[in-house]
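Undergrad: For reference, the chains in residue letters:
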Amino acid sequence: MAVRVSSDDFDISEEMAKLSSGDTGIGGVALFVGKVRGDVKGQPLVSMTLEHYPGMTEAELGRIEAEACSRFKLSASLIVHRVGELKPGDNIVLVIACAPHRQDAFAGAEYLMDYLKTRAPFWKKETLGDGSAQWVDARESDEDAATAWSQTTK
Amino acid sequence: MAVRVSSDDFDISEEMAKLSSGDTGIGGVALFVGKVRGDVKGQPLVSMTLEHYPGMTEAELGRIEAEACSRFKLSASLIVHRVGELKPGDNIVLVIACAPHRQDAFAGAEYLMDYLKTRAPFWKKETLGDGSAQWVDARESDEDAATAWSQTTK
Amino acid sequence: MTERQSPPEVTLRYFAWLRERAGVSEERLALPADIVTVRDLLLWQARRGQAFEQAFAKPEAIRVAIDHAHVKPTAAVANAREIAFFPPVTGG
Amino acid sequence: MTERQSPPEVTLRYFAWLRERAGVSEERLALPADIVTVRDLLLWQARRGQAFEQAFAKPEAIRVAIDHAHVKPTAAVANAREIAFFPPVTGG
Numbered sequence: 008m009a010v011r012v013s014s015d016d017f018d019i020s021e022e023m024a025k026l027s028s029g030d031t032g033i034g035g036v037a038l039f040v041g042k043v044r045g046d047v048k049g050q051p052l053v054s055m056t057l058e059h060y061p062g063m064t065e066a067e068l069g070r071i072e073a074e075a076c077s078r079f080k081l082s083a084s085l086i087v088h089r090v091g092e093l094k095p096g097d098n099i100v101l102v103i104a105c106a107p108h109r110q111d112a113f114a115g116a117e118y119l120m121d122y123l124k125t126r127a128p129f130w131k132k133e134t135l136g137d138g139s140a141q142w143v144d145a146r147e148s149d150e151d152a153a154t155a156w157s158q159t160t161k
Numbered sequence: 008m009a010v011r012v013s014s015d016d017f018d019i020s021e022e023m024a025k026l027s028s029g030d031t032g033i034g035g036v037a038l039f040v041g042k043v044r045g046d047v048k049g050q051p052l053v054s055m056t057l058e059h060y061p062g063m064t065e066a067e068l069g070r071i072e073a074e075a076c077s078r079f080k081l082s083a084s085l086i087v088h089r090v091g092e093l094k095p096g097d098n099i100v101l102v103i104a105c106a107p108h109r110q111d112a113f114a115g116a117e118y119l120m121d122y123l124k125t126r127a128p129f130w131k132k133e134t135l136g137d138g139s140a141q142w143v144d145a146r147e148s149d150e151d152a153a154t155a156w157s158q159t160t161k
Numbered sequence: 139m140t141e142r143q144s145p146p147e148v149t150l151r152y153f154a155w156l157r158e159r160a161g162v163s164e165e166r167l168a169l170p171a172d173i174v175t176v177r178d179l180l181l182w183q184a185r186r187g188q189a190f191e192q193a194f195a196k197p198e199a200i201r202v203a204i205d206h207a208h209v210k211p212t213a214a215v216a217n218a219r220e221i222a223f224f225p226p227v228t229g230g
Numbered sequence: 139m140t141e142r143q144s145p146p147e148v149t150l151r152y153f154a155w156l157r158e159r160a161g162v163s164e165e166r167l168a169l170p171a172d173i174v175t176v177r178d179l180l181l182w183q184a185r186r187g188q189a190f191e192q193a194f195a196k197p198e199a200i201r202v203a204i205d206h207a208h209v210k211p212t213a214a215v216a217n218a219r220e221i222a223f224f225p226p227v228t229g230g
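Residue numbers (our numbering), protein chains in the order written: chain A, 8 to 161; chain B, 8 to 161; chain C, 139 to 230; chain D, 139 to 230.
Incorrect hints may appear among the rest.
Stated by the list, open to error - In silico contact screen, one side only, chain D against chain A (beta carbon under 7 Å); selected entries:
#1 F153
#2 A154
#3 W182
#4 A203
#5 H206
#6 P226
#7 V227
#8 T228
#9 G229
#10 G230
Treat the hints as calculated values from the structure; they're not laboratory data. The structure presented is a predicted model; accordingly, all values stated were derived computationally and were not measured. Ideal placement from N, C-alpha and C gives every residue a C-beta, glycine not left out.
Put together the whole structure using the sequences plus the hints.
TA: Structure below.
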């Protein structure tokens, strides 16, 4: 179980190898990579700047990960989130969930992403082609996705 | 959209880069890696041999992928499945689903895996520590997982 | 006078434990004319000697594909170029 | 005779557009004694001059964390070492 905040990019193969090699109890690994899209409602995006709350970010990601591990049978998990200025196509976030079986791996990764989106203290500011910059609004659908987990009995 | 059957291992970072680089409409990439577990009901596993039906495998994986792309808003997808003799910890299968939004990416990858498990013509034979070899039985839970999709209206 | 046309040949393929039990991975032959459905074919296979009898003892445990596509026991075998027999798949 | 104990100081932190509107990222001060809950604190912030008035105009749009954990408007501020104010999160 690990969380990391960094301005550097990550290598998925390397992260997965570090997390899962040596544990032959792992039968499935679900991964998710969030990327910067090149347009915002039709407007070209020049860059995206990610601000976070050092200290709280690590604490909150740790709590999210602990919760995922208690809900699903996970062998290992990882959250890596980038901060600073990113360009279209750049990686933003990596989530990995390893489990004996694929259903737990998928559910674990999806749970990590849903809660990361609604609870981890990151904020995105978009700079558009016309030079304007704006803070991204929180999406209601993300809140709904996280709320849905609290209604599942598993 | 691509499918590949090979005795060679795959590199996840490389496969993802080939699939997604250049398309800045992609906001989320969900990946799944299936791995050989080191034990079978408490017995140590020595090796696993994967047999498949050349020709039908590619046709069936292609149909599964086309179905996933018609159900979910996927930008690109990939299925790589290994055949031949594998050892505990080795990769068996890689599924990647790229989409503008994470929900479609996750659902696409999970759908691909569920149908791959129940429709793609692969068979596993396990060689155990005591020298015995046995064909793996199909799991009912895999059938159920695939059936569940046919009951969703999305 | 027209020559009687010989029945078309079909390729039969066997995988996993079905291949091992039947003792053959592939064969090419003309099916008897009274075999209409996949179910007929499965019952016929079970009468082709001891190895096939053992391999096809439980037809409900056997899956069939015609020309690389899964088919049901009620499917017709006419015009098939390749028919494959195998246990439920266990890939991934 | 005992010296009157000065009220404890707390660190206040601001993020994203709240930081930009308030014009400050971090400050250290003693809160007035009549501030009991997070809601009290949000209403007090909105009365600290023009910049804060603008930043805290819609308290329902502001999220609060005490000592690195999300809290509700009804939470008590007593014993807090660090209180942070920010818009709903948008990471991932």
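Undergrad: Does each hint fit the structure? Answer for all of them.
TA: For each hint, the structure was consulted:
Here the hint on F153 of chain D is kept, as its CB sits about 6 Å from the closest CB of chain A, short of 7 Å. With 7 Å as the threshold, the beta carbon of A154 of chain D comes within range of chain A, its nearest partner Cβ sitting at about 4 Å, so the hint holds. Below 7 Å, beta-carbon pairs count as interface contacts, and W182 of chain D has none with chain A, the closest being about 22 Å; its hint is therefore violated. Taken as an interface hint, A203 of chain D checks out: its beta carbon lies about 6 Å from the nearest beta carbon of chain A, inside 7 Å.
Interface hint at H206 of chain D: satisfied, since its Cβ lies 4 Å from the closest Cβ of chain A, which is below the 7 Å cut-off. Given the 7 Å rule on beta carbons, the hint for P226 of chain D holds: about 3 Å separates it from the nearest Cβ of chain A. With its C-beta approaching chain A no nearer than about 6 Å, V227 of chain D sits inside the 7 Å limit, and its interface hint holds. The interface hint given for T228 of chain D is met, as the beta carbon of that residue sits about 4 Å from the closest beta carbon of chain A, less than 7 Å.
Among the interface hints, the one on G229 of chain D holds; its C-beta lies about 3 Å from the nearest C-beta in chain A, closer than the 7 Å criterion. Checking G230 of chain D against chain A: minimum C-beta separation of about 4 Å stays under 7 Å; hint holds.
Hint compliance for this structure: hint 3 is the single one not met.
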